[in-house]
Structures are given as structure tokens and as C-alpha cells.
Amino acid sequence: MSVFLQQLINGLSIGSIYALMAVGYSLVYSILNFSNFAHGGVIMLGAYIGLYALHLLPMSFLGALVIAAFGAGLIAVVLEKVAYSPLRKRNAPSLYFIISAMGASIFLENLVIATIGPTFKTYPQIFNPIPFTFGSISVSRIDVLMFVIAAISLAILVFIIEKTKVGLAIRACSYSSRGSNLMGVNVNRIIFVIFLLGGMLAGIAGMLFGMKYTVYPQIGVITNKSFIAAVFGGLGSLPGAVVGSLLLGLIETLSSAYIASQYRDLIAFTLLIVVLVIRPSGIMGKITEDKA
Amino acid sequence: MKRKVSLFISIMMVLLLALTGCGGGSSGSGDAATDPIKIGWIGSLTGDQAPWGKCESQTVQMLIDETNAAGGILGRQLELVALDTKGDANEAVNAVKRLVSQDKVCAILGPNASAQALAITGVLESAGVSDIATVATNPKITVNDDGSVNEYNFRVCFTDPYQGAVAAGYAADILKYKKAAILYDVASDYSQGFMQYFIETFEAKGGTIVAKEAFKAGDTDFRPQLTKIKKADPEVILMPYYYKEVALSANQARDLGIKATLMGGDGWPSDTLFEMAGNSLEGSYVVNHFDYNDPDVKPLTEAYIAKYGTTPEINCYMVHDAYKVLLAAIEKAGNADPQAITDALTQVEVKGVTGTIKLGEKTHNPEGKEAAIQKIQLNPETGEFEYAFMQKYGAN
Numbered sequence: 001m002s003v004f005l006q007q008l009i010n011g012l013s014i015g016s017i018y019a020l021m022a023v024g025y026s027l028v029y030s031i032l033n034f035s036n037f038a039h040g041g042v043i044m045l046g047a048y049i050g051l052y053a054l055h056l057l058p059m060s061f062l063g064a065l066v067i068a069a070f071g072a073g074l075i076a077v078v079l080e081k082v083a084y085s086p087l088r089k090r091n092a093p094s095l096y097f098i099i100s101a102m103g104a105s106i107f108l109e110n111l112v113i114a115t116i117g118p119t120f121k122t123y124p125q126i127f128n129p130i131p132f133t134f135g136s137i138s139v140s141r142i143d144v145l146m147f148v149i150a151a152i153s154l155a156i157l158v159f160i161i162e163k164t165k166v167g168l169a170i171r172a173c174s175y176s177s178r179g180s181n182l183m184g185v186n187v188n189r190i191i192f193v194i195f196l197l198g199g200m201l202a203g204i205a206g207m208l209f210g211m212k213y214t215v216y217p218q219i220g221v222i223t224n225k226s227f228i229a230a231v232f233g234g235l236g237s238l239p240g241a242v243v244g245s246l247l248l249g250l251i252e253t254l255s256s257a258y259i260a261s262q263y264r265d266l267i268a269f270t271l272l273i274v275v276l277v278i279r280p281s282g283i284m285g286k287i288t289e290d291k292a
Numbered sequence: 001m002k003r004k005v006s007l008f009i010s011i012m013m014v015l016l017l018a019l020t021g022c023g024g025g026s027s028g029s030g031d032a033a034t035d036p037i038k039i040g041w042i043g044s045l046t047g048d049q050a051p052w053g054k055c056e057s058q059t060v061q062m063l064i065d066e067t068n069a070a071g072g073i074l075g076r077q078l079e080l081v082a083l084d085t086k087g088d089a090n091e092a093v094n095a096v097k098r099l100v101s102q103d104k105v106c107a108i109l110g111p112n113a114s115a116q117a118l119a120i121t122g123v124l125e126s127a128g129v130s131d132i133a134t135v136a137t138n139p140k141i142t143v144n145d146d147g148s149v150n151e152y153n154f155r156v157c158f159t160d161p162y163q164g165a166v167a168a169g170y171a172a173d174i175l176k177y178k179k180a181a182i183l184y185d186v187a188s189d190y191s192q193g194f195m196q197y198f199i200e201t202f203e204a205k206g207g208t209i210v211a212k213e214a215f216k217a218g219d220t221d222f223r224p225q226l227t228k229i230k231k232a233d234p235e236v237i238l239m240p241y242y243y244k245e246v247a248l249s250a251n252q253a254r255d256l257g258i259k260a261t262l263m264g265g266d267g268w269p270s271d272t273l274f275e276m277a278g279n280s281l282e283g284s285y286v287v288n289h290f291d292y293n294d295p296d297v298k299p300l301t302e303a304y305i306a307k308y309g310t311t312p313e314i315n316c317y318m319v320h321d322a323y324k325v326l327l328a329a330i331e332k333a334g335n336a337d338p339q340a341i342t343d344a345l346t347q348v349e350v351k352g353v354t355g356t357i358k359l360g361e362k363t364h365n366p367e368g369k370e371a372a373i374q375k376i377q378l379n380p381e382t383g384e385f386e387y388a389f390m391q392k393y394g395a396n
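Chains A and B supply the protein sequences, listed in that same order. Start counting the first sequence at 1; every next residue gets the next number (UniProt numbering). Start counting the second sequence at 1; every next residue gets the next number (UniProt numbering).
Honestly, I wouldn't trust all of these hints.
Restraint-style ranges between C-beta atoms, simulated for each label pair [unchecked claim]: (1) A:128 to B:147: 31 to 39 Å; (2) B:187 to A:82: 30 to 38 Å; (3) B:379 to A:160: 29 to 37 Å; (4) B:218 to A:160: 49 to 57 Å; (5) B:205 to A:273: 17 to 25 Å; (6) B:122 to A:93: 28 to 36 Å; (7) B:349 to A:82: 55 to 63 Å; (8) A:127 to B:196: 48 to 56 Å; (9) A:171 to B:97: 38 to 46 Å; (10) A:93 to B:309: 18 to 26 Å; (11) B:187 to A:277: 26 to 34 Å; (12) B:233 to A:82: 22 to 30 Å.
Read the hints as simulated data drawn from the structure, not as lab findings. Positions of the beta carbon are idealized from the N, C-alpha and C atoms, including for glycine.
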């Protein structure tokens, strides 16, 4: 039983990282109808910004986290201006956006390799490394912290979207950006907000990921999994991204624990394909026809 | 119609330019007795294994500069052509194709990993150019399953079976462990070969493998597997993979309360390892190619630090010995002909920094080298982790 509980905790901890990253994908998809593959690059840069904020400026963890969030938010906004905005003005099909996103992602990774270097960087020890233990179950402090910060950030995001005027506009745009435009919503401003919010979440995710594991230019690769989690939960749906991520984390962990670790990805992704075949819009996604 | 004609003419002009360009190029890289002798190097300058690749290419450059300053070889200067494989087997094949066709190198040093060294076998064979791998330990690089030797693949390091057998022998005979667990990288030839021979030797010596769990390179979380290993309660956990995953999995093992001794091979040593996982690795054992404190090794370490300002990785020493073997072979061949060099590689014996190296004719592996067993310890004076030399140990 204790092994099962430990595995559940392992799964949730992996899932909460996926969740922070997946929400960024969903936010952009809900408005622009394309998958922002440069999100991984922004997460990676967020991890580096957090690291250097801690090293260069004598500041607390929270200060560095705020800098990482705003730094990554700014990068995401700049990326939108450079890589997507020109395409939007020409009404380019979404395939072009995806290609541009992939290009931006490769650009960011190589920029970091060329300037900062390809080697691994480790965060300084900020928190007590000794894990909490309950009997034979152990939970590391950084996992608890990640879970809490992920929950708070997502709660703030949901608050912005559900309770504020900007949030109302975001929801309107996600239903129909053309219609919202006709009703006087400044869609360009909403897209700016979307990228800023998505980028800030990426910065937070990047810094937490870096603290937990390590920082290197290829961190962005892990966002492949979180992207898949977002699709699984329903691209465009924020609760879907969170649920999909936690489920993917749990499925991966439990299949590795109770079936065979070498078949983990095989089992997890077979299951995803089955879910998508039965329900193409994901667990909580809107049916595409209803949306546009 | 007019457009088609002009298109045709422009295509022809481009082709003509390309052809004349090639002609000029090939006459420039001829084999005249005064031209520099080109030596190729391939390895990871970007990607996960970049710290090793960078150190390796810098070392070769340093050694070539030294040779050139001393008058070169056969009265000719040496020139390095170093290409990045990005840690990828396909890129390695592309790099070797370029080295043999465009740069016309006489031989190639590197790469620093087995998968890339395995992938280039076919290109080497069709070009008739030899490669001396540095830390690529998979047995199939030089010897095929049917026992035949790959004519143009050589290496200066020991092999995975040897490493696995040494680790298992040391764990069973010297440390007296009876229960071992293994976490391995299912996508790595290195990890699989190492593991397979560890199991064979450990079981032959009366030990039991209580858990065997896999992950895939690129994974960052190993707790599901480690939770299962913890339940099996081993005395030692073999971690036959590279330092990034070693650091992450060792940290997570300690997080989960696993107290077992950790053990690994030549994929471990790296400066970043201690930075990432110092405390978690204290008391672990590493099967290494040589001992850093060996007096033979120190002058090279000092020369590298003087030139590049950082301590060298293990690849510095391995590529140094590969370079020495190659230089001796060029000298013996008396010219820079790739085939003559290939024939000479098994005919020379050099004293490298990692031991005396004589490549066997039937295996293309160095014969009679012993591994060095090192223990990771905290030095109370410096407050830093270091590799303490335990003993030389050979598999029998």
C-alpha cells in the first residue's frame, strides 16, 4: 500500500510540472488556434533567467521567481511580435504559425548554446534537501513547493480569466475572435495579454523545473510531453490541460510501476491515442465545430 | 518558352560553377609532400555530451599545436578538422562522410560515444579510412557478433563487457554484496552492454539481481522505477549511464530514502556530476579508465589547465592516447596514406597516460589494460568531492 501511495505522489509531482507547461499551450491555442511550439524555448529561457537572478542579484527565491516570470513573459511577447504578428496581419494559415513556432524554438535553443553554452547548470541549494517522510513514504520539499506554486499560479490565472474584464475579453475571443473584434474588443491587446500570461507561467515552470532537475538548453524537449497532455485534456481548455497533465503523470508512473518501466511511454501514448480516437477533442475540450 | 530557356541556362551555369569549384577544391587538398596532413575529429560539441566533446577537441588541437611546434611529422605539419556530431548517430555519419570525401583526412579520432562510433562503420569501410574511438566502449564497434573484426574501427578504451564484469566482480568479491539492483537506459547500447555483462558476472559469482528497471535517455524523473528498487532492498544499485541521468537518479534515490551503494562506470566522471549530486554520491564506486592521481597523468592535466583554464574531462586523457597511437602509426607507415596507417595501427605500441597501449589485431581493442576502481569521497580539507583511488582491478 505504501508503495502505491508513493507512486501516486511520484505521478502527481510529474503531472504538476506538465500542468504548468501545458496551460501555456492551451492559452495560445484557445485564441489563435495553433500550437505554440516555441513555448518550450520560453520555459528554457525562464529557467536561465531564474538561475542568473539568483546568482547575480542577492535576492530571495520569490524575487527570482518574479523576475523569471516577467522575463519569460516579456520574451513570449517579443516572440509573438517577431514570429507570429506578421503572419497574423497577412491572415496566414495556421500551418505557417506552427512552422514559425518550430523555427523560433530551434533559434532560442541554439542562441543559448552559442551564448551561454551547452553545459548543465545547477541551481544553488535554496531549500532543505531532506524530504518529508511519512512512514516509508517520502515527499521532497521542492515537490510540495511546486505543487503549491503551480496551484497558486493556476488559481490566479483562472481568476483573471473568470472574474476580470480582460478575462471576459479573452473568453469572448476564444469563442470567436472575429466576432469579438466586431463587438469592439481589441484583439491585438488580448493576444498580447495571452502571450504575457502564458510566458509568465512558462517562466515559473522553467525556474521550478531547473531547481528540481537542472538547467540545460534542451529542457524544452519535456514540453513535448506537456503538449501531449494538453491535447489529451483538450487543447484550448485550461481545466483540460491541468487534468490531462495530472492524468498523464499518473498513467506514466503507474504503468512504469505495475507493468514494466521500459514500456512506460508505449503504454501511456497508446492510451492517449485510444482516448483521442474515441474523443478527438480531448477529455474536456470543446468540439471544434462548436467553437469557430 | 523563353523563360524555360533562361532557366535551363541558369541551371547549367550553376552546375558549371559547382564543378569548377570542386575541381579547384580537390587540387588544393592533394597529397603533395608539403601539404599539411589532415586529421579528422568527430564528437559532441553541442547536446548532452558537449562537455566531453569540447574537452576532447580542445585536447587534440593542443596536441597538434605541440607536434607542429616541434616540427610536425614526416617533415609535414598537421591540421585538425573537427566536426560536431551533436551527440547524434546520423550527424556522426554525415560528419565522417564530409571528412573522408571533402577534407580527405588520413584518419579520424573520436567520437566520444558508442552509438555514434557504431553508426560510422559502413562509411569508414567504403572510404578505407580508420577511426580511433576514445571512450566508445560497446564491443560491437570493433568486433561483430560473428567474431569478425571491423577493419577500420579501433579504440583505446576498454569495452562494456569488460566494465560490467569488473564492476560485478568488484561488488561480489571485494565488497561482498549479494543483492544488486540495476537501473539502465533502454535506449543506449552502452547501458545495455554494461548491464548484460554485470548480470552474467554477478550471478556467476553467486549474487542475485533483485530488481532491473529501465528508463529512456532524456527522462528526468526516475522515482517510479526507484520506488520499485527500494522495495526490492538491494545492497548495491548499478547505474550504467551518463552523468546527467546519474546525478538526477542518485538525488531522487536518496530523496526516496534509498541507502544502497551506487556503482557506475566511465559514463560518470564529469565536473558537473559533483555539482549536481555531490552528497547523494558519497561512497559510490566508479569503474574508470585510469586514476587521476597517477604521476603519468599529471603533466597532461597541467598542460590542459595552463592552456584552457579548466580541469580536463576524462576524454582529454583518452584522446591523448588515441592521438599518440595515430602519430606512431603515421610514422611507421612513413606517409599519410589512410590504408598504410590502418595497417600500422596494430603494429605500434605506445606508452600513453592511461597505460601502455597495443591494439590487438583480432579485436582492435587495447590489450591487457586494467581498470581503476575509484570511490567518491568528500575531502574534509577542501570540502569538495573527489575520486579516491581504491585499486587496479581486472576482470578474470
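To see whether the hints hold, each was checked on the structure:
For the hinted restraint 31 to 39 Å between residue 128 of chain A and residue 147 of chain B, the CB-CB distance of approximately 56 Å leaves it violated. Restraint check, residue 187 of chain B to residue 82 of chain A: a C-beta distance of roughly 35 Å satisfies the suggested window 30 to 38 Å. For residue 379 of chain B and residue 160 of chain A, the hinted distance range of 29 to 37 Å is not satisfied, since their beta carbons lie about 52 Å from each other. Here the CB-CB span from residue 218 of chain B to residue 160 of chain A is close to 34 Å, at odds with the stated 49 to 57 Å.
Taking 17 to 25 Å as the suggested C-beta distance range, the pair residue 205 of chain B and residue 273 of chain A does not conform, at roughly 45 Å. Between residue 122 of chain B and residue 93 of chain A the CB atoms are about 42 Å apart, so this pair departs from the stated range of 28 to 36 Å. A hinted range of 55 to 63 Å holds for the C-beta pair residue 349 of chain B and residue 82 of chain A, which are about 59 Å apart. A hinted range of 48 to 56 Å is violated for the C-beta pair residue 127 of chain A and residue 196 of chain B, which are about 40 Å apart.
As the Cβ distance of residue 171 of chain A to residue 97 of chain B is approximately 55 Å, the hint placing it in 38 to 46 Å is violated. For residue 93 of chain A and residue 309 of chain B, the hinted distance range of 18 to 26 Å is not satisfied, since their beta carbons lie about 51 Å from each other. Look at residue 187 of chain B against residue 277 of chain A: about 27 Å separates their beta carbons, and that is inside 26 to 34 Å. A C-beta distance of roughly 55 Å is found between residue 233 of chain B and residue 82 of chain A, which places it outside the suggested range of 22 to 30 Å.
Taken one by one, the earlier hints fail for this structure at numbers 1, 3, 4, 5, 6, 8, 9, 10 and 12, listed in ascending order.
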